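Assemble the whole structure, with the sequences as input and the hints as a guide.
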Amino acid sequence: MALCGVADTGSHSMDKSITLPPDEIFRNLENAKRFAIDIGGSLTKLAYYSTVQHKVAKVRSFDHSAKETDGDPLYEISVQEEITARLHFIKFENAYIETCLDFIKDHLVNTETKVIKATGGGAHKFKDLIEKKLKLKVDKEDEMTCLIKGCNFVLKNIPHEAFVYAKHADSEFRFQHTHPDIFPYLLINIGSGVSIVKVEAEDKFERIGGSSIGGGTFWGLGALLTKTKRFDELLQLASKGQHTNVDMLVKDIYGGAYGSLGLTGDLIASSFGKSATTDKEFSKEDMAKSLLHMISNDIGQLACLYAKLHNLTRVYFGGFFIRGHPVTMHTITYSINFFTKGEVQALFLRHEGYLGAIGAFLKGAEEDNPNQYSWGENYAGSSGLMSVSPELNPIQRARSGTFDMLEMDRLERQLVNLPLLQDPTSYIPDTVDLTEDALAREYWLYCFEEALDGVVKRAIASQKDQPEAVERAEKFRQKYRHKLQTLRHQPFAYGSLTVRSLLDTREHCLNEFNFPDPYSKIKQKENDMALKYYLKVVKSVEELSWEQRQFNLVKGLLAGNVFDWGAKAVSDVLESDPEFGFEQAKQQLQDNSGIDIILGVFPFIRELLIRGTEVVLASNSAPALNDVTNSELQILTERIAAMDPVIHAALKEDRLALVQNGSSSPCLDLSRLDKVLATVVRERGTDLVIIEGMGRAIHTNYYAMLSCESLKLAVIKNSWLADRLGGKIFSVVFKYEVPSKAQGQH
Amino acid sequence: MKLKSSSKPAFPWFGMDIGGTLVKLVYFEPKDITAEEEQEEVENLKSIRWYLTSNTAYGKTGVRDVHLELRNLTICGRTGNLHFIRFPTAAMHKFIQMGRDKHFSSLHTTLCATGGGAYKFENDFRTMADLELLKLDELDCLIQGLLYIDSVGFNDHPECYFFENPSDTQNCIKKPCCLDNLFPMLLVNIGSGVSILAVYAKDDYKRVTGTSLGGGTFLGLCCLLTGCETFEEALEMASKGDSTNVDKLVKDIYGGDYQRFGLQGSAVASSFGHMMSKEKRESISKEDLARATLVTITNNIGSIARMCAVNEKIERVVFVGNFLRINTVSTKLLAYAMDFWSKGQLRALFLEHEGYFGAVGAFLELLKSSDDA
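Heads up: the sequence lines are chains A and B, in that order.
Residues 1 to 746, numbered by our numbering, are exactly what the first sequence covers, in order.
Residues 747 to 1119, numbered by our numbering, are exactly what the second sequence covers, in order.
Hints are computed from structural coordinates only; laboratory data are not their basis.
Remember, predicted model here, so these are calculated numbers, not experimental data.
Please note that a few of the clues may not be correct.
To be verified - Stretch-level coverage of chain B by chain A, calculated; a stretch enters the list once three of its residues show a Cβ under 8 Å from a Cβ in chain A:
hint, stretch
1, 763 to 770
2, 971 to 985
3, 992 to 1006
4, 1014 to 1023
5, 1045 to 1057
Even glycine gets a Cβ: it sits at the ideal position worked out from N, Cα and C.
Given below as C-alpha cells:
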C-alpha cells in the first residue's frame, strides 16, 4: 500500500523566514500551468508544465536562382524564438510548503489554471492551505494510480532511470539500459506499509499483495526502541550498529552452520532472538540495525514470493523507506539476492521520489496527451541523484537548501529503436561507462574542463552582435563547471556517466543560456568553401580506377571527419588564431580534400548511388557542435543537386532520402531515434548501416551489433583515447561487420 | 556411536530437541515393568523415573506439560506413558551437569538429540558428562514425530484441530479433526524462527523457506518494549491489549475501505505505524504494544505461509511449534488469515503437541536404530 501517512517529522515546523533562491528553483513560473502536488509524510513534490521560450538557430536558403557571386554565403542563419514544452518537478521538505505556495502565488501569471491535482497521504492535511493560497481547487487523485503512471513515464522517457545498487562495488550504482518494452514489472512501494503492484500495461495494474511491515514499522518500532524520533536518524543509528548482538543467528543455535540445509552460521535464525532477556542492555545502534534487517529481509522475501508466483523478473522498489537511502537500498538488495539466489535483481529508480507527482500531473494533463510525445531529461535543470544527500554532497545542499529538481523537455520528435538493432534489450550505446572506469572518468572530466574556456569563447564569438552574450557565456561557464564538479563527486548523478552525457550536458547548458548553435557561422563558412571544391573532388575521383576510387572515397570520408570542433586536439589548432585558424588548420591537415559532409560524405554516397544503391542520409535534428543539421543538409543537398546531375536524379527519383535522426547530440543513441527514420529504414529494407564520426562510431556504437551489415568509421582525434585503443592519434577506425547467420535470422 | 545390539534399547527412553530458546524432552515411562525387571533396575534409572514422573516442575524453569501426556502407549513391545517436558536452552549447562551428577553415562543408553543444540552442545555433553549424543536432523525428526503422534492420536482424541468460522470472531470454534489425506501439506514450524516445509510423503519433503520473524522475535521485542521476562507474561499482556492503538489501519489513512484495491478499513496498513507520532507513543500501554507485536509477527507468518502454499500449490497448511503454545490469539489469527486471504481455498490446521514433534522424532529414532542394529 502506498500508505505514506502523515506522521510527525520531528523537529520541523513552518519556517517562513527562509529565503529561497527562487529563480533557480521555481523556474518559468510565468508560463506555468497544470499544477500537481504530491505531499508525503515529510516531502512535498510539486509539478507544473511550462513553455520555455528559447533561441534556436534556423537556416534558410537564399533564393539561388539569382546568379551566384563569390562572397555570398550559401544560406542565411537567423536566431529565432521557439517555444518548447517543459515539465518541472520540485521536491522539498514539507516545512517549506507555505513559503513555496506564497512564492508561487506571487509569481503566477497564468490565471487560466483553476485546478491543482493532488496526491499523497498529506494532500488532505494541506488542502485548505493550498486552496487558500493559490486559489486553485484541489482535485485529489488516487495515490497508486499516480505512482504507476509516474513510474511508466520515467521508465519510458529516461534512459538509465533504473539502477542496481551494489554497496561494495567500484561504482555503487549500476544503471540499467531501458528495455524497449517496460512491461510487465512489479513495483514494491515501501511507504508506511508495503504495496506490491503488478503492472502489465500503461493502464493495467493490480495490487497483488502487500504487507503491514514497512517503513512505518521501522520508524514506529524504531522510535519506541531507541527513543530516536526522526527516520533519517534511525537509519544513521542502524548504519552504525551490529545486529549480531540482538539477533539469534544460526550459529547461536547450531554452533556453526546448518550444513545439510545450506544455511550458513551467520544467517539470522530469529530476529531479536537474543533480546528476550532482562539482564542485558542493548545499544540503540544494534537494535536499529536488527530492526532494519528484519524489515528489509521480510519485504524482500515477500517480494520474491510474489515475483515467483507471477513469473516476473523486473522488480522496482520505491517509497520513503527506499528514497535515496543507501542503507535501505543495500539491505533490500541483499535480501532479494538471498531469497532468489541471484535470479532477481532489486531495481531502484533515480526519480523514485517524483513518481506520485509525475503521475498526478499526467492525470491533469491528459488533454495535452503527454504520453504521445517523447521526453528527455534536461541535465542543465535537473539536480541529479543524491543532490540533497548531506553526507554525499554538503556543498550542493548548502547551495540550494534541500530542494531537488527534475526538468523534462518535450522532444520535437517521437523516439524509437533503430529496427536494425540485433538485440534491442542488450544494446548499450556508450562504449565506455565512466561511472565504472575511474581513470577514463578522470581524464574526460579534465578534458571537458580544459575545453571549457574555448567553448565559452566560441559561444561569445557566435553572438558578437549581442553585448550581453559575454555575461550569458559566463553564466554558462559557471553552470557547466558546477555540473562537472558535481559529476566528479557523484558520477552517477544523471545515470551512467559517459562522454555522450558530458557532451549532452554541455549542449543543455549552452541552450539554457541561449547559445543554441555556437558553431553555426563556422559551419556556414566551411560549407561555403567545401561547396566550391565539390565538383573538383568529384571529378578527380571519377578519373580513378575502380579500386583506387574506392580507396580514395573512404580516405575522403575519413579525412573529412578530422574537422571536428569537439576534439580537443583539433580545436586547439583551429582556435590557435581566431582570425586565421581555419586556413591554418586546413594547411596542417593538408591531406584531406574538404570537410566532412560535402567533400567526404557526398562523393561517397554519390558512388553508392551510381552503383544503384538507395541511400538514406540521416542527420541531427538540432545543432550539436559543428555537426551538420538536417535543415542545413537540406540546403546543401539542394545546392549539390544543382551542380551534380547524379545527386539531382537521385533526389528526384527518391533514391536519396534525407531524414532527421531525432538527435541533438554529437553522439548517437540507436535506441532513441526519430520514429520517421525508423519507419524509412524498415520500409526501404535497409541492409547496410554506415556510422561515421568519433562521437557516433567510437564514443557510442563501437560495440553496437546490427542485424545487417554495418560500417563504422572514424578518425581517433584524441591521443588519450588512441592510446587506450592501442593506436596513435589520428589513427583510423574502419570497422566492417557482418552479422553472423544465426543471429541474423532473428 | 555404536548402539547396543539388543532388539529393544535399554531404558531410559528419551528423545531430545534442543532449540534456540527451548529444550523439548520426551520421556517414555514404562508401566509394564515386571517385578523381576524392577529388581534388576539400577538405582539410577529408578531415581530418574521417579524424579521425572512425580514432579511437574524441575528446578526454576523446567516444566512437564501434564495435559499433553500420552497414556497407555504401546511401542516397541512396551506399554507406558509418554511425558512431555521443556526447559529453556539457557539452562542447558545445568542440565548437562545434572546428567553428570546422576551418572547418566553409566546407563548405557543412547541420547538421541535433534535441533541446533545437538550440534552446539555435543562437545559439552562429551566433556562434562561423558555422554555421546546421536545427532539427528531436526526436520526429519519433526516430520516423523508429527506423523507418529497423529497416527496414535491424543489419548483417543484426534491430535489435529482447526477453527470453524475463522472469519467470524463470535462464532469461531476450535474443532478436532482427523488428518485423512495428510499429503501434501505445508508444515510451518514456528519456534524462535520459522521453517516452512512442503511435505509430499513420509520421506519426501523440502524446506521451502523460512523467516527470522518468529517466536523469538515476539518475545525479544516484547521484552524490549514492555520489560516483561517470559513468554507467558508476554502473552498475558497481549491478551489484554488492543493493537489498533499501535498499528495504523487502512481506515486511519483512507477514512474507510480502500475500495480501489478491495482493502477493508480494518486491515492493518502499517504495523506500529501510529508509533511514528510522538503523542501516540506517549499514550500507549504495554499491553497494547505486546498485542501489536503478537499480531504483527503472526500476520506476517500467515502471509508468508499463504504465499508458499500458493506457490507450492498446497491447500493444507499445518502450523506447529512452541510459539503457538497457549496462544489462541495467534492460532485464531492464522486460521483467519489463511481463510480470508485465500477466499476459503486454504485451511489452517493445528496440532495439540505443538512444539514436541522434533523430540518425539528423536525418541522414535532411538527405537528405530536399535531395531536396525
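Check of the stretch 1014 to 1023 of chain B against chain A for coverage (Cβ-Cβ below 8 Å, three residues minimum):
Contact hint for the stretch 1014 to 1023 of chain B vs chain A: holds, 10 residues under 8 Å.
Taking beta carbons only, do three or more residues of the stretch 1045 to 1057 of chain B come closer than 8 Å to chain A?
Per the Cβ count (8), the hint holds.
Count the residues of the stretch 971 to 985 of chain B with a beta-carbon closer than 8 Å to any beta-carbon of chain A: does the count reach three?
Holds, because 3 residues of the stretch 971 to 985 of chain B bring their Cβ atoms closer than 8 Å to Cβ atoms of chain A.
Given that the stretch 763 to 770 of chain B was listed as covered by chain A, double-check it with a C-beta distance under 8 Å for 3 or more residues.
holds (count 3)
Outcome, coverage hint (the stretch 992 to 1006 of chain B, chain A; C-beta under 8 Å; three residues):
Satisfied; 8 residues make the cut.
This entry satisfies every hint, going by the numbered hints stated previously.
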